[in-house]
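There are 2 protein chains.
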Amino acid sequence: MLNRQVVLKSYPTGVPLPEDFELIETSVAEPGEGQMLVRNLFFSLEAAIRSWLDGIANYFEPIPLGGAIRGPSVAKVISSHLDGFESGDIIFGLHHWEDYSLSDANTALLSKLSPEPDIPLSYYSGGLGGSGHTAYVGLHEIGKIQAGETVLISAAAGATGSMATQIANLRGCKVVGVVGGDDKATLITQTLGASAAINYKSCGDLKTAITDACPEGVDVYFDNVGGNTLDAALQCMKTFGRVIGCGMISDYNHQDNPTPIYNMWKLVERELTMKGFLLYTYMDKVPAASQQLHEWVRSGEIKILENITQGLPNAGWAYSEMMRGATIGKNVVAMDLRPEESL
Amino acid sequence: MLNRQVVLKSYPTGVPLPEDFELIETSVAEPGEGQMLVRNLFFSLEAAIRSWLDGIANYFEPIPLGGAIRGPSVAKVISSHLDGFESGDIIFGLHHWEDYSLSDANTALLSKLSPEPDIPLSYYSGGLGGSGHTAYVGLHEIGKIQAGETVLISAAAGATGSMATQIANLRGCKVVGVVGGDDKATLITQTLGASAAINYKSCGDLKTAITDACPEGVDVYFDNVGGNTLDAALQCMKTFGRVIGCGMISDYNHQDNPTPIYNMWKLVERELTMKGFLLYTYMDKVPAASQQLHEWVRSGEIKILENITQGLPNAGWAYSEMMRGATIGKNVVAMDLRPEESL
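Going line by line, the protein sequences match chains A and B.
No gaps in the numbering here: position 288 of the first sequence is 288 in the numbering used here, and each next residue is one more.
No gaps in the numbering here: position 313 of the second sequence is 313 in the numbering used here, and each next residue is one more.
Chain A on its own, in the form it takes in the complex (with noise of 0.2 Å):
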């Protein structure tokens, strides 16, 4: 049976471009012992697979030239051979980016879904997935956001930020958001609960406008971005501040070339803690996340905000859309699926 596959063509220079990937054809494998057959169904696109197209290994191995992506996806069980899971099931799990992947219990992410049928499957690919999985443990497990605080986040309207966003404004944090584009920042104050945004693209100087936003200084950071953001807030933190370390997205397109950070003086005179994390070391927190989100998304209290790319062959022109910052909210690939398959 045909799997069409998404392969590294070249490495990308900065923004990856869609001709940095190419669709392959290969055939569907036989799941052996311990494996199963997976449908993907949606793709999650995510900034860290930037950090594996390099060829540079990182937190996990770099993808070779001509070796599919990867990437966590929304999937349905074909065929298993793997305890704990049967045909018809779904699922999640870092697969890669093709129509059908072999799944089994070393596959990062890995869990099996319980879809509510009030909510569209997508979502768990993102604010109800590892996105605003990552939004919720940041704020509570490494930032212990309190309500009454200052919560400065960064690419707010992005997939991470948007959902990190309204749950500090849940927690009765006061949300200031940073953004690229001034549409960002009106969605972020009018829809997500922020109540200030700055766009880092027309400001001026970064420091003054978070000043500006944040008079008493900022309690708690949600990095998303690093770089020069990141030196910014450093200047803005209140003694004792926590700095959110979740990504740094505006390095990921030149790593070999990190933007340089000038204020880290500030950790020691104010008494800074910045704790970087990786969701993969927090799974034992997911299930009261998840919980606590469904409730807000049923309620109508949290906007899941999507950026759906129909169709594998357009995988890699989303991905360099989402990387040149062009996109609002969670970018999702949604697999074209071909008429004899019926899910």
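Since no wrong hints were added, every one of them can be taken at face value.
Pairs count within a copy or across copies, as identical chains cannot be separated in the list.
List time: in silico DSSO-like cross-link candidates among lysine-lysine, alpha-carbon distance up to 30 Å: (1) 144 to 285; (2) 238 to 201; (3) 76 to 112; (4) 174 to 207.
No lab work stands behind these hints: they were computed from the structure.
Using the hints, position chain B against chain A.
Just chain B now, with coordinates in the frame of chain A:
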């Protein structure tokens, strides 16, 4: 009565020079209600003082031109109108570089000492004072060191570093020290218990040198210097490694132009925790630290390294020597007492 004072004559450019300081003569003030008059005996020279010499607010007010240099001292109470203190008490507190100071309940770091007759009084300005307490609190409360861990310490032959090196070694850690000279390298390995020493001035690539000394990575980095050493250390941390932000002396001589840090991505990738601290915040931990340090000093398990300069007129010179990295261990100015002063 004559009171000699060292004041700031000019804002230093880079390393402070002896001529940036000036000895002037004033007269001794009368202690008012709630105050006491103290005779300074030993001044603790500290890198942090450098940050008060640029005329820019930091975590303390800047010292104005013509203003007395602020610095912690061991002192003897001459007369007291402050509850809990009486003539003859030996105290520690943040005073000024002068013969006699006024002290009151708001004096930073104020504490009554119980010096032991078999221990040199000068130790209470360093190894059994702020430097020792900082090293102890940093390793235990911030770094949470565990036996068997690899601890990297910068400025390992300095006042705080030499104490941290010995404490971590006594706690069963493997200690690797970064120093700025072969004499210091020999000292920390042969006398202070470090497993290895790296001379950053001659080792070539610092990341490579740290990796060679810590092939399995660094669990805890006790950072006294910031800058290039911090940047190299970030690349050598184990997953879940901790960075103790104690000081950033490499930038103190040019705080308007700090050394850029390029490897902040490691914070996320390796899920690091970086935590800055000032001893003032952890005064409740000092009694236990002091008791343990006394035991180790008495048993000979900890050696207090001192570099004592005689006489208030030489304080500026001594400070300049320290800030250009020419000294080993704790820098102390022993006051030149006048014949009529019987202590």
